[in-house]
Each structure stands twice: as C-alpha cells, then as structure tokens.
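Asker: Just so you know, the protein sequences line up as chains E and A, in that order.
Under my numbering, the first residue of the first sequence is numbered 1, with each subsequent residue one higher.
Under my numbering, the first residue of the second sequence is numbered 306, with each subsequent residue one higher.
The set of hints was computed from the structure by calculation and includes no laboratory data.
The beta carbon of each residue, even a glycine, is placed where N, CA and C say it ideally should be.
Hints are supplied without guarantee of correctness; some may be wrong.
Now the in silico label distances, taken between C-beta atoms and shown as ranges [as the list claims (entries may be wrong)]:
#	chain 1	residue 1	chain 2	residue 2	range
1	A	Gln594	E	Leu113	20 to 28 Å
2	E	Arg197	A	Leu378	37 to 45 Å
3	E	Leu123	A	Pro489	39 to 47 Å
4	E	Glu193	A	Ala344	52 to 60 Å
5	E	Arg216	A	Pro373	56 to 64 Å
6	E	Leu53	A	Val334	54 to 62 Å
7	E	Ala83	A	Gly577	37 to 45 Å
8	E	Ile232	A	Gln488	27 to 35 Å
9	A	Thr430	E	Pro296	48 to 56 Å
10	E	Asn251	A	Pro358	55 to 63 Å
11	A	Gln488	E	Ser80	56 to 64 Å
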Amino acid sequence: MLLASLLVASFVIFGALYLAPGNPISALSGGRALPPASLRVLEQRYHLNQPFLAQYWYWLENALHGNFGVSITLQENVSSVIAARMWTTGGLVLYAALIILVVGIGSGVLAALRPGLADTSVLVSTAISAALPSFVAAILLITLFSVKLGWFPALGNGTSFASNIRHFTLPAVALAISSLAIVARVTRAAVREEADREHVQTAVSRGIPARQLIRRHILRNAAIPITTVSGITIASLIAVAAVVETAFSLNGLGAYLVQAAESKDLAVVQGISLVLVTAFVLINALVDVLYAALDPRVSLGSRAQ
Amino acid sequence: MATAVGVAARGATPRARNGAMALLRSTGVAGMVSAAVIAVATVLAVFGPLLAPYNPELPSLGLAFVGPTGGHLLGFDFEGRDVLSRLLAGAQSSMIGPLAVVIAAMALGTAIAVVAAWLQGPVDTVISSGLDILFAFPGILLAVLAAAVFGAGLTAAAIALSIAYTPYVARVLRGAALRERGQPYVAALEVQGASGTSICLRHIVPNMLPLIVAQATIMFGWAMVDLAAISFLGLGVQPPAPNWGVMISENEPGILQGYPLPSIAAGLCIVGVVIAFNVLGERLFEQAQAARR
C-alpha cells in the first residue's frame, strides 16, 4: 500500500510534465527560448525521444539515486538545493510537532481531568484556534509579538542554532495552532471516555493512587485515538509548512517549491513534490505501525471500514 | 408482495423532509447565528462589488496605509485603495472558489461512494484501494503542482483541490451508502424489479442527504482556507483582483511598518466565515448522526 501510494504519486508528479500546455520542452524550459545546444541537452537528459513509460522509468531511477535534474532558474542541481533547505523545513515541522504534542495533548488531558474553569478555558481557546488558518495566525503573531512587543524576529532564518530557535518560534506556533486545537479536543474526548470506563472505576475503588491511575489505566488506553490524530495532523504539517515559510520568509523547501511553481521551474517542482509526498506517506505509515504497536488487537494492514 | 411494497414505501421516503427551516432551528443558537453569517457572506459575494463605496482596484499611492478616516472605516491598503471596498469586492472570489470545489468534490465523491457501495465485490475493493492510494496527496501540494503546470489562477487551484478532496468524501459517504444498501426497503425494491440506477438515485442518495449536506458545509470551510492559502502564496487569484487571501499577503509588508489593519481585516473576514461554516457543519453532522439512530 505504501509503495503503491508512492508509485502513483510519483507517476502523477512526472505526468504533470505532459499535462502542461505545449510540448514537454517548452514546459521544462518554462517558456524561455533556449539555444539549440541546450535543447539537445534537455532532450537527452529527459530521454524525450523515447516512449512515455521509458521516460518515467528513467526519471524515477534518477530520483531514487538522488538526481532530480537541474534547476533552470538557479542553474544548480536540484538535489543540492533540496539538501540545503531540507533542514529548515524539517526543523520547522519538528518544532511545530513538539508544540502540538506537548501543548495539545497536555491541555486535552488537563481539560478532561479537571472539569470546571480549566475545561471551559481549553474548550473556548481551542474553538478559536481551530479556525485560525496558519497564514492568518502568522500575521497576527507577527503583529503582536514582532512589531508591537519585539519579542521575536519576524523574518528570516537566523544564523546560529540559538537564533534559529528564536526565528523559528513564531512560524512553528503559527503552523501548530490549528492542529493543536484538534489534538487537544480529541485528547480531551478520549481521556474523558476512558475515565468513565468500568476498569477505571474499579481501580479507583481499589484505592490505586491518582498518578498511577492516570498513567497506567487511563492514558494507556486513550493513547490510541490520540496517536492517530496526532500522526495525521503532523503529516499534514508538511504541506502547510510551505505557507508558513512564505509568510515568514524562511528559506525552506516549501517556500522554494512555491517560487519554483511561480517561475515554472518544473524540475524543482517535481523534485520537491516527490520529497514532500514521500515524507507524508512515510509519516502516515509510521502512524499505522505505531497504532498496531499500541493496540495488540489491531494487526498491521487492516483498514478501518 | 404487499409486505414488500409496504416496506418499500416506508423506507423510500427521505427522512429530513420537515423542511429546511425546521432543520435550521434544530441546530441551536450557534447554528442559527452561523447560518446568518453565511447568509450575509453570500449576499456580499453576490452584490459586493456593487455595494463597495469606493473603487476597489484604483491605486492612489499617496494614500498608502493611511489609517481609518472620514468615510473610510478601515483605512487604506498598500496601494491607497479603500480597504472596506476591497473586502466587499473580494468576497466574490473568496466564496466562489470554495463553492465550486465543494460542488465538484461532493458530486464526484457521492457518485464514487454510491457506485462502490452498490456494486460491492471486486469493484468496491478496487475503488477502496484506489481511494486509499489517493490520500497521499495533500490538497495544497496538488494545487501548487497544478499552478506550476497550468499557470497560477483560481481555476487550476479549484480543480486541484476538488481532486484532492474527492477521496475523503467518497470514503465518508461509502460507509453511509453501504448502510443504506443494507436496508430492507432496498431489497424490497429490487424484488419489485427496480433498476440499480433508479434505486440509487431515487432512494439511496436522498436518504444520505443530511450527511451530504453536513459534509459539504464543513468542506466549504476547508476549501475556503486552502484556497485562501493558495492565493496568499500568489498561486491563486492574481493581484490586482481583490481577494481576501491575496489581501493578506500583499499587505503583509505593512505589518512590519506598523500598519497591520488591512492584512488583519482580510484575515478576520476569512476566519469569521470559516468559523460559521465549521460550527454549522458540526451541528448538521450531529443532526445527521442523530437522525440515523
């Protein structure tokens, strides 16, 4: 299933070249006029005089070896561009994932176990933040924390690791804010449902201390839906990261993908798309494995009907 | 024979026939407020350009980023255009894109779901596996790819998003379609010789209508966010055409100079409408679940 998804996705990404109006050469050159020598190089490199499936095979083979072709706009190997920017995007997604897990799950558990003020405030704040798309959150954060308060820089990557963290904080929060709400709500629902279960009430009546109760009896079982929703939201961060990177002028993969799309630099678009889709599929597969590991009743490869 | 007809008659009448107003009232205060917001947004989408007091596209650089004054409630944007007029005019492109996406994705998704549920067997397996595989493409990524291939614009983005959303719709509706398929009235109709197509079109789909409407409502919110994000990236609606997503990005430099209002105003419009669709959609969803039990 994993391989099938990747294969189909790569086929679509490759085939996009042929969907473009005009012939593949004009698509690859982005509509620019190239000297005949360059045209011949392009023809050879992309095997344009061979049947479609053979071309697809060559492209895929190259891609698997890390060779994605050359960027028309930057005149560099696409793979070196990807390598340079991978850490920015990866770091951003990781930072956001951390925020989602810690704040999202944390507040969900808090809301479930302490009804009253804590519960209501979590419910209200998640209702608001769930509706904040990342780019709106981005401009609100920049307005408040960068311009008005000056706590965080608004743009750019930062130079050292420490300044990286400072520069990435607002983007990570913007990225995390709506997913965080969903995770918090699901966590709250799952923990509440578990806390009402008979085995928990039995444990309470047997006098098991609260902390052990929460950890071993409630959270253990609630972990399943929590993991699933966390996995799905984190995987979706990969695509939305492009928006946040653009808003904060970070030089990540997503931002470059958008620029390449605007300048019709197809080799770059195809290369980055393939990398991002692969990451997306891999994370989803990881969530499936985790799900099977957490719940012994579930066997790998079974799909929810 | 009489029993079969009786069963067919009972199950064949779609359930939520109490009328749209009754359904709306049952969604509670939050649902009705959301519906009102959506109605206002729709009116603005249709009449926005006519209601705008000033020209939304005429730049007047001398007035760039001037704050709220006299007849200009929200001040001016980065090219000296009245922000309120631009918001009113932008409602059209901000609402019509999601509408197209929802109609396309719901139509396609329903068709696929019903076909898979009706034919079952190997056709269903193939379709379900296909749907699982298609989940690999996040909507925004497909839209960026489409923009690279076909050029930036609302049409390409809307088509890409419709394609990306269809598997999800088909997945959700397939379950409901399967449930309907298993109802006694369907077997009764089959016994009476009704064709598969007519049963699907005249009975199964209408009975799925509450779920379809709820799903469509929630999906409008998602489509709006995704399309606004794509316009924000510069790959959707192109400036100087007014559009809420475009307004956020084109006025972003203003934030750094201390004039956040144009950008934030556009953002709040999007958030307001999306919240309305989310709340109403969730309520409708609950209604659809309750009606089934």
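Asker: Hint by hint, say whether it matches the structure.
Answerer: Now for the hints, and whether the structure bears them out:
no. : hint                              : in the structure
1   : A/Gln594 <-> E/Leu113: 20 to 28 Å : holds, 27 Å
2   : E/Arg197 <-> A/Leu378: 37 to 45 Å : violated, 54 Å
3   : E/Leu123 <-> A/Pro489: 39 to 47 Å : holds, 41 Å
4   : E/Glu193 <-> A/Ala344: 52 to 60 Å : violated, 36 Å
5   : E/Arg216 <-> A/Pro373: 56 to 64 Å : holds, 58 Å
6   : E/Leu53 <-> A/Val334: 54 to 62 Å  : holds, 59 Å
7   : E/Ala83 <-> A/Gly577: 37 to 45 Å  : holds, 42 Å
8   : E/Ile232 <-> A/Gln488: 27 to 35 Å : holds, 32 Å
9   : A/Thr430 <-> E/Pro296: 48 to 56 Å : violated, 27 Å
10  : E/Asn251 <-> A/Pro358: 55 to 63 Å : violated, 41 Å
11  : A/Gln488 <-> E/Ser80: 56 to 64 Å  : holds, 60 Å
Comparing the model with each earlier hint shows violations of hints 2, 4, 9, 10; every other hint is respected.
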